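Number of protein chains: 2
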Amino acid sequence: MTNYSEIKAEIIAIGDELLYGQIMDTNSHWISQEMDKIGVRVVRRTTVGDNRDSILSAFKSAESRADIILMTGGLGPTNDDLTKPLLAEYFGCDLVLFQEALEAVRTFFEKRGRELTDLNKLQAHLPSNCTYIPNELGTAPGMWFEENGRIWMSMPGVPHEMKKLISDHVIPRIKGMFKLPHIYHKVIKTVGIGESWLADLIKDWEKELPNHIKLAYLPSLGQVKLRLTAFGENDNELANDVEKEIEKVKPLIEKYIYGYNQEKLEEAIGRLLKSHNKKVALAESCSGGYISHLITSIPGSSDYFQGALIPYHNRFKNRILNVDATTLEEKGAVSEETVMQMSEHIRNLFDADLGLASSGIAGPSGGWAEKPVGTVWIACAMQGKTVTKKLQLTQDRMLNIQLTGVAVLNLLRLCIEGKTE
Amino acid sequence: MTNYSEIKAEIIAIGDELLYGQIMDTNSHWISQEMDKIGVRVVRRTTVGDNRDSILSAFKSAESRADIILMTGGLGPTNDDLTKPLLAEYFGCDLVLFQEALEAVRTFFEKRGRELTDLNKLQAHLPSNCTYIPNELGTAPGMWFEENGRIWMSMPGVPHEMKKLISDHVIPRIKGMFKLPHIYHKVIKTVGIGESWLADLIKDWEKELPNHIKLAYLPSLGQVKLRLTAFGENDNELANDVEKEIEKVKPLIEKYIYGYNQEKLEEAIGRLLKSHNKKVALAESCSGGYISHLITSIPGSSDYFQGALIPYHNRFKNRILNVDATTLEEKGAVSEETVMQMSEHIRNLFDADLGLASSGIAGPSGGWAEKPVGTVWIACAMQGKTVTKKLQLTQDRMLNIQLTGVAVLNLLRLCIEGKTE
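If you're matching them up, the sequences are chains C and E in order. Note that the UniProt record's numbering numbers the first sequence so that position 252 is 252, with each residue one more than the last. Note that the UniProt record's numbering numbers the second sequence so that position 297 is 297, with each residue one more than the last.
You may find that some hints are simply not true.
Unchecked claim - Per label pair, the in silico range of CB-to-CB distance:
hint: 1; chain 1: E; residue 1: H185; chain 2: C; residue 2: P85; range: 25 to 33 Å
hint: 2; chain 1: C; residue 1: P159; chain 2: E; residue 2: N261; range: 39 to 47 Å
hint: 3; chain 1: E; residue 1: Y260; chain 2: C; residue 2: A325; range: 40 to 48 Å
hint: 4; chain 1: E; residue 1: I246; chain 2: C; residue 2: K255; range: 56 to 64 Å
hint: 5; chain 1: E; residue 1: I246; chain 2: C; residue 2: L215; range: 52 to 60 Å
Stated by the list, open to error - Under the rule of at most 25 Å between Cα atoms (straight-line distance), these lysine-lysine pairs were calculated in the DSS-like manner:
hint: 6; chain 1: E; residue 1: K60; chain 2: C; residue 2: K111
hint: 7; chain 1: E; residue 1: K207; chain 2: C; residue 2: K121
hint: 8; chain 1: E; residue 1: K389; chain 2: C; residue 2: K8
hint: 9; chain 1: C; residue 1: K111; chain 2: E; residue 2: K389
Said to hold, decoys possible - Residues from chain E that keep clear of chain C, each with C-beta distances beyond 12 Å, as calculated:
hint: 10; residue: D25
hint: 11; residue: W30
hint: 12; residue: F91
hint: 13; residue: D351
hint: 14; residue: M382
hint: 15; residue: L391
hint: 16; residue: Q402
Think of the hints as simulated: they come from the structure by calculation, not from any bench. Please read all numbers here as calculations on a predicted model, not as lab measurements. Backbone N, C-alpha and C fix where the C-beta goes; we use that ideal spot for every residue, glycine too.
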């Protein structure tokens, strides 16, 4: 597919807990994505247990194929963690105390008001041939090796620690050492339409895509990402070519596009609220705080998020949120009338421009013939107008909560942008 | 480690979409769990792309180590799916039409009112040495081989199709062919103590563990799991041996244990609230709905979760939750006094037995010298008593939210169980 020399990487995940299925190896998946973005080709991923022979044989076979070997796990302070001694053995060197690493561990504990144990001190003993890479979020260090004509990087298995090491240290170093191919990615993020309907809307455009641009559909919960990847020689040209195609496809699916690349739906919502100078409040029943959590997970959300109420029982919907008792009795909590009042009253309670509400049967029990599990009403109240929507979701509680979250945020987006019918 | 002969398995996942990070390989994780349950030891997992040499080398190296080789993916009808021709090549035989497989594919399409294309018919061409295993949920067949003294099983990558083949065919066949060891697992779940402090508390007990019982530390955000695994001949004895060890270790770490095996912290909280017949309400500021989401993600939580308020700004803490304006002004929102009032008032507002509150600086901005990012106050109000705690967390917003969640749920647990100092 490409003409330039490829840089190959292998990923080795270490830990019995992975092989026994006690922990899902999300690290290797994430590293794959990051390598793909910079044009490094992952050629194999291997998971091995806390076992000397397995780990050494994984080192040896990775070395035979890859330019870059990325390892996670096996770095804890306890006896079953073998990565450090085996790296030292493999490279024929000793574990020695790295003063800088010791200071980092000491500072890490001091900041938390705790004393350093002897076990913790062991974390500063590293193979003598490594470059120590500080891990700001934990006590197990990153270790960078240039041995046998290969790059080796050992990282802790704790996902957020590993991710920071990859982003801050590994990727910049790799980019500095290798001539990577020219690749340009852009992702169009859509919500509110299924993969096959989306494919149908854009099929003529897809057929006409130039040969050096590839399209991938990446569906996730209630959303579909369209990834365009261009390969070539010149970064500016690649970017131009992709942008030109995006301008062509946009009018076909405009209503569904909420953002590009890494932007999450809740980030797009924040951007829209800020640019329209609007504030939002939520009354969450079946979604139980999940949507507020999504919104407040974004830095700076206090600029546009006023607050929320989770009135999980009817008497609180009435007493605190002032939903009409007769409505609750006659129409039920899961009804258009209830959710309308919830959205309007929460808007008033929190001095908000937009009031959102959810009420439904998350399951797995609690449904009946007329309102089966998965029935959810949502609403968005604005100045002088309230928009409601009925959702018919699944039998799965967590899925229903998540899909309600996507639907409510999408309804908010459409309301802010004036795109509701 | 063990005295009897172990049956070893390797898992090979095939597909470029896995290596490029487009799809998460949840299959290998699930198969690991299923093998672990029946006492088959997974010794390696490998992911390779749609590439002849990679796949053949994965076959060869798996054969050198494992008794059972389980493969997923690479079985589609298109050209980039290589598993079938490469299995035929590896075993030195031809792809031939399996009449039974053809009928199955034909029936599959007829049931859906679709016609069989030539491409679909190719799915009935299988290596001549395989035992055809029907896939009732899709068109790519299962294939069982007994070659080179090993068991080989090839399955489609679509998760629900693969799962049905494993459960209905692979596991019964493996159980029939091998004398499997007896294994007993139990996981002790702890919260509120770091891995190395926990290790320190139980190091004498750990040293005295019998040879046939292994201990593993599995840390995650704010929690550490202790996994005990016993190997032997007799299921009852193994269970007894492990339970005996748990009884010995319990008194050393009683305060930190919240449950066993698969139970999550939020499930344990639900179990405790139900058994003590207590109801809970939350006032979440910096945690922004995350803790309510954790609690309400559990089926049946409406039995003990009354509701929550997220007063993200001071004026709502005052106006809706009745926190004293002078306290907010003089002590600040992130203070022991504010969080005490929040927990006490939310308890009253929602007729709850226990009122929980969080207030802090989640970050990444908003901190200052006296109250840096990561400063969080939490409280739990009970009848006649309110317990508070100050946390000093990290620079990372999401991590601070998650760690606050664990700390609040743990405080609730300690309060219900009467274990606060």
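Unmet hints by their number, sorted upward, for this structure: When the structure is compared with the hints, numbers 2, 6, 8, 10, 11, 13, 15, 16 turn out to be violated.
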